[in-house]
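S.K.: Each chain, letter by letter, is given below.
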Amino acid sequence: MNLPFSWLQFLRKRVARPASTGKSQRGIPVWSWFWYILGGLYFVLPLYATLDFSLRMKRDVISLEAYKSAFADPAFLQSFGYSIMLAAITIVVSIVLVVPTAYWIRLKLPEARRPVELITLLPFVVPAIILVFGLIRIYSSPVKLPFTSLVLLNSLTTSRYGTIILIVGGYTVLGLPYMYRSVDTGMRTVDVRTLTEAAQSLGANWYSIMMQIILPNVRAALLSGSLLTFAIVVGEVVLASYLGVPAFGPYLFLLGQHRAFEPAALTFITFLLTWAAMGIIQLITGGQGQGAGAH
Amino acid sequence: MAHLALINISKEFSGITAVRDFNLSVEKGEFVSFLGPSGCGKTTTLRMIAGFEIPTTGKVTIDDTDFTDKVPNQRNVGMVFQAYALFPNMTVAQNIGYGLRIRRESKAAIKKRVDEMLALIHLEQKGNSYPHQLSGGQQQRVALARALAIHPQVLLLDEPLSALDAKIRVSLRAEIRAIQRKLGITAIYVTHDQEEALSISDRIVVMYEGRIEQVGTPFEIYNFPQTAFVASFVGTLNTATAEVVDPVKHLLQIDGVQLQAAEGMDGMQKGDKVSIAIRPERFNFIAQERKANVLDCQIENITFLGSVVRIQLLIGSNHFYMDTFNNPFLELPKIGDKAQVTCSREAVLVLKA
Numbered sequence: 003m004n005l006p007f008s009w010l011q012f013l014r015k016r017v018a019r020p021a022s023t024g025k026s027q028r029g030i031p032v033w034s035w036f037w038y039i040l041g042g043l044y045f046v047l048p049l050y051a052t053l054d055f056s057l058r059m060k061r062d063v064i065s066l067e068a069y070k071s072a073f074a075d076p077a078f079l080q081s082f083g084y085s086i087m088l089a090a091i092t093i094v095v096s097i098v099l100v101v102p103t104a105y106w107i108r109l110k111l112p113e114a115r116r117p118v119e120l121i122t123l124l125p126f127v128v129p130a131i132i133l134v135f136g137l138i139r140i141y142s143s144p145v146k147l148p149f150t151s152l153v154l155l156n157s158l159t160t161s162r163y164g165t166i167i168l169i170v171g172g173y174t175v176l177g178l179p180y181m182y183r184s185v186d187t188g189m190r191t192v193d194v195r196t197l198t199e200a201a202q203s204l205g206a207n208w209y210s211i212m213m214q215i216i217l218p219n220v221r222a223a224l225l226s227g228s229l230l231t232f233a234i235v236v237g238e239v240v241l242a243s244y245l246g247v248p249a250f251g252p253y254l255f256l257l258g259q260h261r262a263f264e265p266a267a268l269t270f271i272t273f274l275l276t277w278a279a280m281g282i283i284q285l286i287t288g289g290q291g292q293g294a295g296a297h
Numbered sequence: 050m051a052h053l054a055l056i057n058i059s060k061e062f063s064g065i066t067a068v069r070d071f072n073l074s075v076e077k078g079e080f081v082s083f084l085g086p087s088g089c090g091k092t093t094t095l096r097m098i099a100g101f102e103i104p105t106t107g108k109v110t111i112d113d114t115d116f117t118d119k120v121p122n123q124r125n126v127g128m129v130f131q132a133y134a135l136f137p138n139m140t141v142a143q144n145i146g147y148g149l150r151i152r153r154e155s156k157a158a159i160k161k162r163v164d165e166m167l168a169l170i171h172l173e174q175k176g177n178s179y180p181h182q183l184s185g186g187q188q189q190r191v192a193l194a195r196a197l198a199i200h201p202q203v204l205l206l207d208e209p210l211s212a213l214d215a216k217i218r219v220s221l222r223a224e225i226r227a228i229q230r231k232l233g234i235t236a237i238y239v240t241h242d243q244e245e246a247l248s249i250s251d252r253i254v255v256m257y258e259g260r261i262e263q264v265g266t267p268f269e270i271y272n273f274p275q276t277a278f279v280a281s282f283v284g285t286l287n288t289a290t291a292e293v294v295d296p297v298k299h300l301l302q303i304d305g306v307q308l309q310a311a312e313g314m315d316g317m318q319k320g321d322k323v324s325i326a327i328r329p330e331r332f333n334f335i336a337q338e339r340k341a342n343v344l345d346c347q348i349e350n351i352t353f354l355g356s357v358v359r360i361q362l363l364i365g366s367n368h369f370y371m372d373t374f375n376n377p378f379l380e381l382p383k384i385g386d387k388a389q390v391t392c393s394r395e396a397v398l399v400l401k402a
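As given, the protein sequences belong to chains A and B, one line each in that order. Just so we're aligned, residue 3 is where the first sequence starts under my numbering, counting upward by one. Just so we're aligned, residue 50 is where the second sequence starts under my numbering, counting upward by one.
No wet-lab data here; the hints were simulated from the structure. No false leads were mixed into what you were given.
Just a sample of chain B residues kept apart from chain A, beta carbon distances all over 10 Å, derived:
{"id": "1", "residue": "ASN57"}
{"id": "2", "residue": "ASP164"}
{"id": "3", "residue": "VAL323"}
{"id": "4", "residue": "LYS340"}
{"id": "5", "residue": "GLY365"}
{"id": "6", "residue": "VAL399"}
As a list, the in silico DSS-like pairs of lysine-lysine whose alpha-carbon atoms are at most 30 Å apart:
{"id": "7", "chain 1": "B", "residue 1": "LYS108", "chain 2": "A", "residue 2": "LYS110"}
{"id": "8", "chain 1": "B", "residue 1": "LYS161", "chain 2": "B", "residue 2": "LYS175"}
{"id": "9", "chain 1": "B", "residue 1": "LYS77", "chain 2": "B", "residue 2": "LYS160"}
{"id": "10", "chain 1": "B", "residue 1": "LYS108", "chain 2": "B", "residue 2": "LYS119"}
{"id": "11", "chain 1": "A", "residue 1": "LYS110", "chain 2": "B", "residue 2": "LYS119"}
{"id": "12", "chain 1": "B", "residue 1": "LYS77", "chain 2": "B", "residue 2": "LYS108"}
No residue lacks a Cβ here, since even glycine has one placed at the ideal position from N, Cα and C.
Based on the provided sequences and hints, a complete structural model is requested.
M.R.: Pasting the structure below:
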């Protein structure tokens, strides 16, 4: 099961272990704790610094002033809501695209797995700026059938919905490495091939297999991939700026150029939202995480 | 009329023939095992019955209805997989009832059938458990119940015990056989374990390199193997190349030692080279004067195997094994001793090439 690492789970296990076995007999404690604490500080310190800074808007007083100020700006909720909408559409498009693809490759085309994995990794190699210029260049004017004047697709950059289609397409590409890997790993852990054959032998058709067997068993992987896609979309700046959409990324960027404390407050809030989402995933998939891999 | 018939089946994968000229008729209620080494085509044949593979040539019929090109979900065939293949998101009861749910049977009918199946596999208390809460043996029993719940015309079992430890394997195979007998269902069982096939089957189909080597009852397969492969694959066997001395009297010779067989030498000429086989347990030390099949030998090794003592003999230049029941009052020869052993004419099997 591909679950995000849980410090709480880890600490609970450590505390539950009897003291006599926790010493240097196994060579665990000193160095393990050292590296865990070092790693913890690496992640926690910047977050703490951001939180601390965001609470010091009023000189010499700890206050939530920066948070109040940030929430008072109607553009914040507007841009955040817009980004959540884009993230939701992107997640749906990604699932519709990735789940059947990964499933079919596992089932019928295992030889296509490597090439497809490589393709899904392209967003790591091709920067977002190249992607957005490519999208603008191709879709800012009507797309015609080669060597004819037949218009296949009108310009997408000039209409609101066209822009949403473009940016969702771009975000789907950016989220592909995370969504594909999550889903593919999820499918590997439940052996979709044998489960599919078992369901077929019991009379199930493709729709039943997908809805009743495959999707419920890769639920955790889907949620992980969706969370990562959500995080990418909400924080993304380049595509949103160049396509001129009122998303949260450009808003935060602009805010950071004019204000000091509010961006820190908003950054901390997005961290909290991300952690809340991870907590929800743990909560929802806890049972499945134990079950899927056990035999 | 055969209940299940495989007629001239062959299957090719990218030019490689996995199964060729496969013909088999299975009667209703029969338990037939496909036995052979890895890659012999037994699982491919089973998958063609299930519909997961379409034969390149030939046809599959059940009760005279041609199922060759039907997709798996249009065949009423239950299948049990090596890896259990229980749906992890469903409870035991939901797993067993899944096929009936797909068939849109009423909730009451599903519950009744699920309860029957749970009673059949003695897991009445586990209906609400999830697969990961069960042992391997219990999971496989649930998989069996799930396959049987849909009243399949044929039950297919693809090495269902391979993932289990030895003790559970033995008890579960007896349980599978008892359930199959009780329900009178036709079953096809794939295994590479000869002991499993011999103990569970009405008939065994021994396969090698995509072909049927021999079809017969466990008794026939073990005692009268028709080919060198069957002889070597099923049980321990002494094999040697012999020269035909007198085809009419069934006389053979190995390294100057004369042997007499009972049959299997039709059409052979004097001087022909043939393969012969003798089971270790068919040898005896000579207790009284005999004229035929007296073999001079030297004791090379003696191994204690519990209920059986295995003695390695050097006969001519051939190393043969002889098995004798362990008896604390038996006087065994010592290593290096010269001795004479014998076997009946029927014990000398002349193998087809």
